[in-house]
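Trainee: The primary structure of each chain is shown beneath.
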Amino acid sequence: MFKDLDPILHSQLRLSIVSILMTVDEANFSFIKESTNAAAGNISIQIKKLQKAGYIKVEKSFKNNYPNTSISITRKGIKAFEDYVNNLKKYIEPK
Amino acid sequence: MDKTSFTPEESLLLISKTIEETKERFKENGHILIVWGCLIFIVVSSQYVLSLVGLYKKFDIAWTNILYSIGVIYTLIYTRREVKKNMPLTVLGITVGTMGWVVGLNFFILAVFFGNQLGNALAPIFLILFAFFLIMIGVLIKFKPIAIGGFILNLIGFATFLVHPNYYGLSLMLGAVVGFIIPGILLNITRRKDNV
Numbered sequence: 000m001f002k003d004l005d006p007i008l009h010s011q012l013r014l015s016i017v018s019i020l021m022t023v024d025e026a027n028f029s030f031i032k033e034s035t036n037a038a039a040g041n042i043s044i045q046i047k048k049l050q051k052a053g054y055i056k057v058e059k060s061f062k063n064n065y066p067n068t069s070i071s072i073t074r075k076g077i078k079a080f081e082d083y084v085n086n087l088k089k090y091i092e093p094k
Numbered sequence: 000m001d002k003t004s005f006t007p008e009e010s011l012l013l014i015s016k017t018i019e020e021t022k023e024r025f026k027e028n029g030h031i032l033i034v035w036g037c038l039i040f041i042v043v044s045s046q047y048v049l050s051l052v053g054l055y056k057k058f059d060i061a062w063t064n065i066l067y068s069i070g071v072i073y074t075l076i077y078t079r080r081e082v083k084k085n086m087p088l089t090v091l092g093i094t095v096g097t098m099g100w101v102v103g104l105n106f107f108i109l110a111v112f113f114g115n116q117l118g119n120a121l122a123p124i125f126l127i128l129f130a131f132f133l134i135m136i137g138v139l140i141k142f143k144p145i146a147i148g149g150f151i152l153n154l155i156g157f158a159t160f161l162v163h164p165n166y167y168g169l170s171l172m173l174g175a176v177v178g179f180i181i182p183g184i185l186l187n188i189t190r191r192k193d194n195v
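Which chain is which? The protein sequence lines are A and B, in order.
For the first sequence, position 80 matches number 79 in numbering that gives the first Met the number 0, and the numbering has no gaps at all.
For the second sequence, position 127 matches number 126 in numbering that gives the first Met the number 0, and the numbering has no gaps at all.
There's no promise every hint is true.
Straight-line distance between alpha carbons at most 25 Å, and here's what the computed DSS-like set of lysine-lysine pairs gives [unchecked claim]:
no.	chain 1	residue 1	chain 2	residue 2
1	A	Lys75	A	Lys47
2	A	Lys62	B	Lys22
3	A	Lys32	B	Lys26
Beta-carbon label-pair distances, calculated as ranges [as the list claims (entries may be wrong)]:
no.	chain 1	residue 1	chain 2	residue 2	range
4	A	Asn67	B	Glu20	20 to 26 Å
5	B	Lys141	A	Lys88	24 to 30 Å
6	A	Asn67	B	Phe112	50 to 56 Å
Hint data in this document are derived by calculation from the structure and do not stem from the laboratory.
A virtual CB, placed ideally from N, CA and C, is assigned to each residue, including glycine.
The following block holds chain B by itself, in its conformation from the complex:
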């Protein structure tokens, strides 16, 4: 592959083909979005089940911490595996990755250190914080369903302030489905179609 007698047309074709193939290799596939959406859904729904059987106060914090820790460990392993695939550095990749960790870390600090002060308000704050993250991702990777999902999540977040705290769990579950799982699945389907 070191031909030098190729035509300008062939040359332009080579450039556009290489750029297109390179972009294709590091496109997001929505996997992490689906994982976190399912995780939030499982955590909140299981808390509801725990409250029904009267074990909520005993196990909710431990259960939540175990599940979210599994999510963080899984995300770390997944990210590390992607790095090992020799994925190149891109401004977009760095921005999305950094934003994800910053938003996640901020929510962790809010929940652990300011949970008592914030009380029930933690649920809508969580939704608004992640809505911002999802809107930004949707705009950056030019995938409308994620931006729309983030926008709806943002609305759910503010609407949550208006309902009784008993329904905050429902808001979180709805947010997980609308903001994370559905856009994640749509992105995954789109990427699979692109690779056919």
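Looking at chain A on its own, in the form it has when it is part of the complex:
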């Protein structure tokens, strides 16, 4: 329907995840889950898609003996987000 819009970002959950990561330098999986109110399985799938596209970087480690997944946005992700927002503006304010 909206041809210029990046299909990777034009999904509510993926867009929410990227918007969160645009605000912070690094967030863990639990923060994203609490912020989006989405199911863990669904978030995992969307994170994998974003990671595959090179938009986010995922690092798994242990924090206080518990597994911790840190997620941050990449330069490519920032550029894609900026392009996506600019394209959205074109749809909203057509010349």
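With the hints as your guide, set chain B onto chain A.
Mentor: For chain B alone, coordinates are given in the frame of chain A:
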């Protein structure tokens, strides 16, 4: 929540709502400022009471160390609890946190290792050091009362050099109220209003 057929308007709304909600979650609430303001006030006022009952020389150092140690332990526990809430890393959070610990540690080193050389000058130096920290926090988190409180604290710090050392305690108490407690309470009230 994996809708892909939403309009550009809905999309922009989602972006701005998510960014706004994320920022809201890690805003400072002034709690630590109030705690440290009260602690400084209690330490200095209790030293005054100790001096009135003639116990100042015996207990002042132990009393001060116990209270400030409680402050450090409380700050560590509070910070750890915040980290456990899965709070994300932000440049602002890291900057404010690091500055707080660096300023606190510098003052601790000055007081413990150079206290004798500095003597009474330690009180105004303390005020100036923390004034710098508060001005920076106020500017970074864009909250004017903290920056103004820090600026007034800075002035109190320099003015303290001009008064008799007997009044240094009063300067510290005034500084605690103006620089820490009032801005901390104002920040706390603002954040509570934001969350309504």
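Trainee: Hint by hint, note whether the structure agrees.
Mentor: Cross-check of the supplied hints:
With a C-alpha separation of about 15 Å, the suggested pair lysine 75/A and lysine 47/A falls inside the 25 Å cut-off, and the hint holds. Taken as a hint, the lysine 62/A and lysine 22/B pair is honoured in the structure, with Cα atoms around 24 Å apart against an allowance of 25 Å. Among the hinted pairs, lysine 32/A with lysine 26/B is consistent with the structure: their alpha-carbon atoms are about 19 Å apart, no more than 25 Å. Separated by about 22 Å at the C-beta atoms, asparagine 67/A and glutamate 20/B satisfy the suggested range of 20 to 26 Å.
About 26 Å separates the C-beta atoms of lysine 141/B and lysine 88/A, a value consistent with the hinted range of 24 to 30 Å. Taken as a hint, the range 50 to 56 Å is violated for the pair asparagine 67/A and phenylalanine 112/B, whose Cβ atoms sit roughly 38 Å apart.
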